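Here are the chains, one letter per residue:
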Amino acid sequence: MHESSSLLHTAEVVHWAALITMAAVYSLRLRWLFNFKPGADKSAPGAPHRTDKKRGANYSLFNVAMPWSMESTRKGFAFYLTFVIFHLGVVAGISLAFLSTITPSLVGKPAFALICGSTLFLAFLVAIYRVFRRLFTPVMRLISTPDDYFSLFMLTVWFGLGVVTEAHLAGVRGFESVNILVAYLFLTSFFLIYVPFSKISHYLYYPFTRIWIGRALGHRGSYPIVRG
Amino acid sequence: MSKPAKTHKIKMMEEQLAKKLNRQVVGSLVGCVHCGMCNDCCHYVLTHPDDPKMTPSYKADQVRKLFKANHDWTGSVFPWWVGADKVPLTDDDLDTLKDIAFGTCTNCRRCTINCPMGVDTATLNRIMRGLLTNVGVMPEGVRVVSKDQWELGNQMGVLKEDYIDTLEWMSEELEEELGHGGAAIPLDKTGAKVMYAINPREVKYDPRTIKEAALIFWAAGENWTMPSEGWDNTNFGLFSGDDGLGGACAKREYDKARELGVDKIVISECGHGYRSTRHEGVNWSGEAEPFPMESSVMTMLRYIKEGKLVVDPTKNNQRVTFHDSCNNARSCGFYEEPRELLRLVTTDFQEMVPNRAEGFCCTGGGGAMSMSEYTPRRLKSGEIKANQIRATGAEVVVTSCHNCVDGLGDVIKHYGLGCEVKQLVDLVANALVIDECAVMKNRPAGAPRPEPPVVPAAESDVAAARVAAVAQPLAGRRILVVDDEEDIRTFLVTVFEDAGAEVMEAADGDECIERAATFKPDLISLDLSMPGKSGVDAFVELRKTPGIQEIPVCVVTGHPEFRQVIYDRPVPAPEGYLNKPVDEGKLVSYVAHIIEIRDERAN
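Chains A and B are the protein sequences, given in the same order.
Reminder that position 79 of the first sequence reads as 105 in our numbering, one-by-one numbering, no gaps.
Reminder that position 486 of the second sequence reads as 488 in our numbering, one-by-one numbering, no gaps.
With the rest of the complex left out, here is chain B (with noise of 0.2 Å):
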């Protein structure tokens, strides 16, 4: 039987790799000897024993066939005698292709530091990735994330407005806390010493971080500021191997540096994050090293030795172990600095084995979290890293990267490892002696510690009110609590009744649907996993339905790994994002939070 006649887009993927081809690209294309070294070296064929097609040169091969059949002698003559001959050629082998690319590998770059060959395979799936996305073929969350961050400039689709009003509110808790008022973010300061990029996964379900971050940075007196463009460090294009996404991000990162005239770009603890602004941005955008650029973790470090910081590690005195960013131990050589912070806010630090670039991914890499299709499969492949972290007895497994702390999130409570998840930001903005730290040591001679700024009498009212918003931030507020777990709704009922909200609950998708009709709440607390209907099930309903459409949702689940099931539905994200167990504090200012958005937009 013929072969069927190759299909446009192979045709395409063909004239893409021949732009993506160079000399250590082909090199390691022509190298592979298929002696099978790199096999037990990845996570996915440790825990796949049955399933030969994780291992890694069989997902090289299959660049490495469209290679041969294309651009190399024996390939061309003989293709079937290397191979060559099993090329793609319909749509349907492109499908087969995505599951390879995307599904059974995070690009971790384990298999290429363990090649005798020197054949870096992370890359060659990469540039599989890249022609496979350039025709349109990828899962539906990378499509989505890659689409915001091309259309909105950030890849968690976070409006401008949403973010600024992040900051401002992160600015006023922190004020707060310490009773201070130039503590504020600054935001598109012209001339600051620093821009400091973050992640928007910190705006979007994190923002505490950023609210730490400015802790740290007035703390140590610092002339910074956070941008209100090209703000967003994370970078899609490194994971769907996109060029083109990846040297626009990064652009646009460093022009909104270079047009507030910064010395430099601090980037937050994010591994893709720091990789992609650090060092491949500059190769996709073309332009050579255009700023000084580090991560958050060196600054940190950096400011404690010169002693803008001082810290005490007794604030921290439970078992901490570290996990190694993938992409900044093994591609960014980065893993010492993260290592010497930890000795000097923490009091008893665990190494885990094997570690720094030979460290084992933490299943979140290469864009998995955006792939709930693969998420059986990813969670399996965590059976080393929950291995990993079990022996070392820690209660808290810190990272510098805010995909290891969903992936290492979701290890964690698959094999039910009972430990939690920090970053050092959170680390260090909790060792701060701030009475020691460079802001106050550095004000004039005689100048009294800063004060709380004098409320004017004619603002006492408002400022008795802002008081009684602290105490009960949820006054006035009704709430649907909908989870099927009593236990678990006595304990969001009480959380929010005690901030002042009236509560009303419902134990399935069904009673979500009848109470938000006749309740009308301000916010509904939505659980995803209940028996009948789901909670995916009832907030499409909900969106969907005329009169209850617009009430602000916040999923809190205990299933981190269905967030893109939600998200991937054809009806507006939630408003809000948070996994169980959930913090106190932070569900009602979250909650809070979203419902003065809404109450902003409104008006």
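Bound conformation, chain A alone (with noise of 0.2 Å):
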């Protein structure tokens, strides 16, 4: 076998035990997650003929595509943008990670490799500026830890090798060292275990989060938001 066959055949085992336990770790957290006493609220509805816990948690849960929804992010909308693509980015750069070690010849389809290449090309531009928000930007110094940080350059460094390793899987002319996906699927699986450790973790507290403030508020009657 080939020694960068080797490698890679190792960085894709590693990348999906790194899979596993990510999986592990995230039910752990949930576990101790939901070990916490639930919240009630035993207070009769607020304004049962406008809006309910239903309504209220479905308007919060899905205000994610609904940038008019909040001031934050109807003002903030190129933020907003930048959010989406960066987003975006991360889902891009799984895809391109697991398609790679499953169907590696979707990956090097010109499609494919146009809008995943574009996707995490963008996100690279957002997360550098990011990077330069977080460092320069007195409020964002001064609320950021390490973990802030380095999530952030991680994931920038991520979304540049995702550019080279979707150029690789294409076939572009400079980009024919197998060792290029060999490093991405390694930062992959390092990112894995390192995510349920940290803020990048927040994906999985999502759904949950932001269901809760929904009901809570639905209840109370002020979601969905009314404007006027």
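Derived by calculation from the structure, the hints in this document are not laboratory data.
None of these values were measured; they are calculated from a predicted model.
Heads up, a few of these hints could be off.
Incomplete in silico selection of chain A near chain B, CB under 10 Å [claimed, not checked]:
(1) 105
(2) 165
(3) 177
(4) 223
Cβ coordinates follow ideal geometry from the N, Cα and C atoms, glycine included.
Assembling the complex is the task here: the two chains are given apart, and the hints tell you how they should meet.
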């Protein structure tokens, strides 16, 4: 077996092992979260003629796709767009890592390469902007922890390496070395293992925090938000 | 250098934090990604752009650090990695935390609804307040108010006899104005449908709103009562984070309502009172919805819709705008009813933008009015609200909250907006067409319009004296007017003399002390901000000087933000407190009432 192929095989195995580790740690995380007693609102609904817990939860959960629903995203629409691109980049990067081990032929197709590669490239640019924002905005510096910085640096590198990896898989001249893919898979493996212990695990909590606040404010009558 | 050991207070806070954790709170603690999206939603941030510490996530991080250090894996093993190494360790750190939790946030919850992750930052700040309160670290104002609410059952230290006396006073005035003997405020009436709970500010500073509410209940023909205990709908537990106090306050109201056998508690216009009584109190006290409860705004609206009240909106023809109390709108979804009511009782309503759940705080929320040490910062943060109000061109800002009345009053004065603040009860009472209301329509067929009670012949002299007393309510009284501004002094002297009082003037604190000793007034009307010896210093000296220390003092000031300064002094509080500009009628009746209470106590 070619040395780099052997390395690639190891990277693939480590990659899947990392995924299993992440899933296991996530299960423990959720178990930990759900071991806390649930908060309950015993008061009567605030505006039952208008809304309820269910409506509030749905509105809250899907407001990520409704930038007009929050002032912070309505007024900061450009920032919202960077948020969308950044997270699509994560989806593209994860997809690239797994599909490259399952169906290498798919990830090399021009259409896939164009969509995935350009998404990762845009996400890379957004990540660089975010690095600067976190480093040079006084508010962001004040609230940032080493974990915040490291997570962002890591994702920036990961996006950049993802672009190069996609170029490699699409057969672009100058990106032939299989070590590119090996490096990408090892970095993704590290990413998968690190994530449950870092702020990046926010997406695990996201549905819960959104549903809980939505239920609470829906019960009280203030979600969905009404403007006039 | 090694870190100092945790103090006992810090350890207690950590223990308390564990008790406050539930799934939702933990979700908010672990969910923040420090994205900074909450930044531009906070009125403190927007008005203090050069101070990054105003950002909501920084405030929430104070409790988040404690949580991570004690309850989170990463924080326990690698605390420096997630910021959990910067937890408070000394009692000096607690003072810093106090300033953050109490002095830079009104818990308005605007950041909460603007967080992409659904993090309830305001709740986390309230938790930090509760942890600090539990170890005795809190602003002096919060300590005083909480103590009053624990010990006296209301947050302004109103004595039971003063409360009842005020209700009687308002009953008398209402009956005189109506010329009808049946409009007195019922007290502890068992089996009534409605128990009306109020804000102690109404008793202490603005009893007119009690009279207006009584008029409305009477006109609607309601079977209602006010309780002699458990009448305070406010709850400082919401502000201090003390769930124990919160539960105790709410339970007092519920227990009294149960004792009286009423069907419903109606809560007067108070944002945090409504939230505490209607929602949070249920959770704090552990009672599952003991009674139907509603805001008086809902009650008034229903009366009009049911035809029990008939109103003429042209009686309120000034341009009005509406300020949403954060507690009402964001935490209780209570924002359409006041608008519906406003449109029924006014002719020119201009919406403030943004509004409802997206409205900005009046600056008076979260107990901020009781923390005078943070007043300059609070007033600066009011610039947002001032601009909102200015843009509407309104002459009257209407709100359904007593804290907002005070907060907006400060903002209006500070930014020179030249408008006044009213509550819906004022507008509804003013718009009433009494002859067409239920109390008139529902009287038996052919029955005459209720007339004033017939005064027996033997009582005619008393009645004549009563008429005279109404015409000159301060006849025979001596009043010392202390104010450095000559035009204000002239105004006050004229008003008091027209009401029959003998008046002496003083232009500063030294003159006040000297003339109080020689003139021996029945009451001193005292300005606070004066050159030389200030009103605050003069007040303290008055209270400490034998021979004049018993003279009632009514503060009349153009600086409502000084309110807490004077109440924080280690001497008995002033008997009255009015903000300039002051209404003549209100001034006279208020002063007469203070002197009357003094006389009753003396006898």
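Each hint, compared with the structure:
Interface restraint check for residue 105 (chain A): the shortest CB-CB distance to chain B comes to about 7 Å, inside 10 Å, so the restraint holds. Interface restraint check: residue 165 (chain A) against chain B, minimum CB-CB distance 4 Å, threshold 10 Å, status holds. With 10 Å as the threshold, the beta carbon of residue 177 (chain A) comes within range of chain B, its nearest partner Cβ sitting at about 9 Å, so the hint holds. The restraint placing residue 223 (chain A) at the interface with chain B holds, with a minimum CB-CB distance near 5 Å, inside the 10 Å limit.
In summary, this structure violates none of the numbered hints.
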